[in-house]
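The chain contents come next:
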Amino acid sequence: MTNYGLVIDQERCIGCQACAVSCKQENNVPMGQFWNRVLTEGGEKMDTPSGGYPEDGGSGSLDMQYQPTACQHCENAPCVKVCPVNATYTRDDGIVEIDYDKCIGCRYCMAACPYNARVFNWDEPEHMPEGGTGDVEERPQGVVEKCTFCSHRVDEGLDPACVVNCPADARIFGDLDDESSTVSKYIDKYETDQLLEDRGTDPKTHYISGEMSPGRPQTSDKMESELDDVSPWSDGDDVPSDGDDSAGGESSGGHHSVSGDEVPRVPSVKSGGDD
Amino acid sequence: MAEKTESSRVAIPSFSGKGKLWIGLLVVLMAAGLAAWGYQLTMGLIATGMRNVFSWGLYIMMFVLFVGLSAGGLIISSAPKFFHSHRYEGFARLGVLVSLACIIVAGLLILPDIGRPGRIYQFFTSPDLRSPMVWDFGVVLLYGLLNLWYLWLLTRRDLAARGSSLALGVKDTEAGRERDRTLMFWTAAVALPTAVALHSVTGWIFATQIGRGDWFSPLVAPVFIAKALVSGLGLLLIVSVLADRYTNFEVDREELTSLGKILGIFLAFHVVYLLAAERLPHAWADHFEFWAIMSNFLIGDSVYFWLWTVVGGAVPLAMLALPSLRKRVSVIFTASVLAVVGTMFEGIRLVFTGYEVANIDSAPGISLGGEYTGITTNIWATAGAYTPTVVEIAVTLGIIAFGALIVTLGLKYVPIQRVDAEPSYAADGGKQDQ
Chain C
244 MTNYGLVIDQ ERCIGCQACA VSCKQENNVP MGQFWNRVLT EGGEKMDTPS
294 GGYPEDGGSG SLDMQYQPTA CQHCENAPCV KVCPVNATYT RDDGIVEIDY
344 DKCIGCRYCM AACPYNARVF NWDEPEHMPE GGTGDVEERP QGVVEKCTFC
394 SHRVDEGLDP ACVVNCPADA RIFGDLDDES STVSKYIDKY ETDQLLEDRG
444 TDPKTHYISG EMSPGRPQTS DKMESELDDV SPWSDGDDVP SDGDDSAGGE
494 SSGGHHSVSG DEVPRVPSVK SGGDD
Chain W
39 MAEKTESSRV AIPSFSGKGK LWIGLLVVLM AAGLAAWGYQ LTMGLIATGM
89 RNVFSWGLYI MMFVLFVGLS AGGLIISSAP KFFHSHRYEG FARLGVLVSL
139 ACIIVAGLLI LPDIGRPGRI YQFFTSPDLR SPMVWDFGVV LLYGLLNLWY
189 LWLLTRRDLA ARGSSLALGV KDTEAGRERD RTLMFWTAAV ALPTAVALHS
239 VTGWIFATQI GRGDWFSPLV APVFIAKALV SGLGLLLIVS VLADRYTNFE
289 VDREELTSLG KILGIFLAFH VVYLLAAERL PHAWADHFEF WAIMSNFLIG
339 DSVYFWLWTV VGGAVPLAML ALPSLRKRVS VIFTASVLAV VGTMFEGIRL
389 VFTGYEVANI DSAPGISLGG EYTGITTNIW ATAGAYTPTV VEIAVTLGII
439 AFGALIVTLG LKYVPIQRVD AEPSYAADGG KQDQ
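Quick note, the sequences are listed as chains C and W, same order.
Residues in the first sequence are numbered from 244 upward in steps of one, following the numbering used here.
Residues in the second sequence are numbered from 39 upward in steps of one, following the numbering used here.
Hints listed in this document are in silico derivations from the structure and should not be mistaken for laboratory results.
Warning: the hint list may mix true and false statements.
Short, incomplete list of chain C residues facing chain W, as computed with Cβ under 8 Å [as the list claims (entries may be wrong)]:
#1 P327
#2 F363
#3 R442
Label-pair distances were calculated between CB atoms; the ranges are [stated by the list, open to error]:
#4 C:E380 to W:F162: 19 to 29 Å
#5 C:G294 to W:I303: 51 to 61 Å
#6 C:G301 to W:A356: 55 to 65 Å
#7 C:D378 to W:L79: 54 to 64 Å
#8 W:N416 to C:G301: 34 to 44 Å
#9 W:L79 to C:L305: 49 to 59 Å
#10 C:H370 to W:M332: 33 to 43 Å
#11 W:M81 to C:E399: 34 to 44 Å
#12 C:D378 to W:T420: 24 to 34 Å
#13 W:F162 to C:E399: 55 to 65 Å
#14 W:M332 to C:E422: 51 to 61 Å
#15 C:E380 to W:W224: 47 to 57 Å
#16 W:M81 to C:E380: 16 to 26 Å
#17 C:D344 to W:I303: 48 to 58 Å
In this text, a Cβ means the ideal position worked out from N, Cα and C, and glycines have one as well.
Produce the entire structure from the sequences given, and follow the hints as far as they go.
Shown next as C-alpha cells:
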C-alpha cells in the first residue's frame, strides 16, 4: 500500500514563506485563510528569536527555528473520526481529504484537530484575483477546508506545490510504506519528531531537527516514484519488490531514490551553519 | 366515566389579556430570531462571533445547557413511576412537558450553528458511526420522541375524557387506564437510561477530544449528568412556581419544598464534590508547596468559573441548606434561577477552556478567516477569543421563545394537573414513601 507522508527539515528551512504562499496560490485558498503556515519557534513575534544577544564577551542565548505547519495527515486522525457525515475521510494512499459536497459545516473536525490545521469559510470566499488561482476549484461558503497534500497533483504523479517550490529543499514528499523512499530513509536516519506526539494522532508529517539532511533531490516536479521511467513498473507502488532485479538490495527498480548511504549533492554536515 | 373527567384539568382554560401579551412577546421574539437567522444564512457564519480558532460559540453553549435542562422533568416524573411511587405526581406531566420543550430547543439550536443546514439529511444518508455527534443526534432524536410519547401516554385518557382531538381516537376506559399504567412503568424504565445516555453522549462530544485542553477528561460525562440533574430540576421548579402563580396550575407546597431540598443535594454533589474531584489531581500534580496546591485547587481562573461556583453554586446551596429559608417559595425560586444560570456559565466555561488556548501558538499563529469582531484587525491569532454577536443572541432568544411557547400551549391544551390520585393505584405503593 502507498502511504504518503512529508518530511520537513527544520534545519534547512529558511523561513521564506514560499511554501505558505505557493500553497495558497495552488489551492485557491481564500483571503484571510491559510492552509499552510510558517511559524516561528522562538520570540513572541514572527521572525524573532528568543533569548538575548551576547554581552560583555559572553555567549548569547538567541534561538529561533521555523516550523512550517499544515494538516499533519494523521494515521489516527481525530477529524476523520468525529466527522458525522463521512465528509472527512482517509484516502487509500493515506491522504486525509474532505468531500466538500458532503461537509455540513458543523466544525466538529476543527474542535478535534489539535493542530488548528482546518479553516472554515465563514463568508463567501474572496479571491485575489477574483477568478481565483491555481488548479483547484474554490470551496463554497459554510464548509471546512484544509491541506490535501495537493492530492490533485499527487494523482498526476506530481509532488505537492509546497515541496516543489521550497527553495531550501527542506520538504520531502513520498511513500512512508516504501522503505527505499527518501522520506522513509530520512525518518530512519535523522532525528525526527511529529507535532504533539503525546496526543497519539501519529501524524504523517515528520520534522527533522538536529543534524541537517541533504534535503529533497530537486530534479523535477514529478514525485520520486515517477522519476525513473525506464522500467515498465515506473508508475508507482506496484513495483515487484526486491525479487528479480535487486540482488544487491539497492533500489534500482522503478524507484528513483536516495540509494544506500550515498546522498545527493549536499554532504551531511553538522547543523548550526545557517541559523 | 363521569368522575374521571374531574380528575384532571388544564392550567390555562383560556388566555387572558396578559396571556395574550405573553404569547405576543414570544411571537415577536421568534420572528426576530427567524429574521436574524435569515440574515445569517445570507451573510454566512461571519455574522457570528465565531472564527477559526474559536469555532463553536453561543449556539453550542446553549445546546449544552438545554440538553441538561431537559433532564429534570423526565427524571422527576419517571423515577417515581419506575419505583411504583406516587411521589411528585403533581409535577409529572408538567415535567415531561418542560423536558419536551427543552429538547426541542436544544435540537433547533444546532441548525443555525451548521454552515450548510440544507445538507443535514447526510446524518441519515452518510453517517459515520464513530462520530460522537452521530450518537448524540440519535439519542437527542430518541429522547425527543420518547418525551412526546410519554406526555401523550400520561394524558391521553384525560384528553379522551375531555373530548380533545389530541387523544387521537383513544377511548377513556378503566381497562385502558389500567393498561396505560403498565405502559407508563415500561416507558419510565426506558426513559431513565435514555436520559443517562443523552447526557453522557453529549458529554462525550467534548470528552473524546484530545486537542482541546480540559475537554479530554473521563469526568465530563458524569459531570454532565450532575449538571443535568441540577439545571433540569431547577428549571422544573422555576416553571412550576411561575405556573402556580400565573395559571390555574397548583403546586403542592410540601412537594415543592422537598424537591428544593433535593436540588440542594444535587448542587452539593455537582458544584462541591465533582468539581473538587476534577480539580484536585491537577492542582496536586502541577504544584509543589502545600499552599500552592491548595490555592490552585480552590481558586479558579476565569470569571465564568466564579459565576458558576459562587453565584450558581454556593449561594443557592446556602439558601437551600437553611431549613428556615427553604420553606419559602421565593427562596426556592431564586435558588433555582441561580442554579440554572450557574449551569449556563459552566457550559460557557467548558467551551472557553477548549478554545482559549491553542496547542501550537507560535507566531504568527492561526489564520482566522475573518477578523475577530472589534478585537483585532489582524487575520492572525495565537489564542481564541469570542463574544457573541447580536445576531447570535437574537437567534438563540427566538429558539428559546419557541420552547416557552410549547410550554404555554401545553398548559392550555394538555390536562397538566391531576386533581386526585386514583385510590386503587395508591394503595400498594403510595404509603411507603411518605
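Quick rundown of the hints versus the structure:
no.: 1; hint: P327; result: 4 Å, holds
no.: 2; hint: F363; result: 6 Å, holds
no.: 3; hint: R442; result: 5 Å, holds
no.: 4; hint: C:E380 to W:F162: 19 to 29 Å; result: 27 Å, holds
no.: 5; hint: C:G294 to W:I303: 51 to 61 Å; result: 55 Å, holds
no.: 6; hint: C:G301 to W:A356: 55 to 65 Å; result: 60 Å, holds
no.: 7; hint: C:D378 to W:L79: 54 to 64 Å; result: 31 Å, violated
no.: 8; hint: W:N416 to C:G301: 34 to 44 Å; result: 36 Å, holds
no.: 9; hint: W:L79 to C:L305: 49 to 59 Å; result: 51 Å, holds
no.: 10; hint: C:H370 to W:M332: 33 to 43 Å; result: 56 Å, violated
no.: 11; hint: W:M81 to C:E399: 34 to 44 Å; result: 37 Å, holds
no.: 12; hint: C:D378 to W:T420: 24 to 34 Å; result: 32 Å, holds
no.: 13; hint: W:F162 to C:E399: 55 to 65 Å; result: 36 Å, violated
no.: 14; hint: W:M332 to C:E422: 51 to 61 Å; result: 55 Å, holds
no.: 15; hint: C:E380 to W:W224: 47 to 57 Å; result: 54 Å, holds
no.: 16; hint: W:M81 to C:E380: 16 to 26 Å; result: 23 Å, holds
no.: 17; hint: C:D344 to W:I303: 48 to 58 Å; result: 51 Å, holds
Consistency with the previously given hints fails for numbers 7, 10, 13, ordered from lowest to highest.
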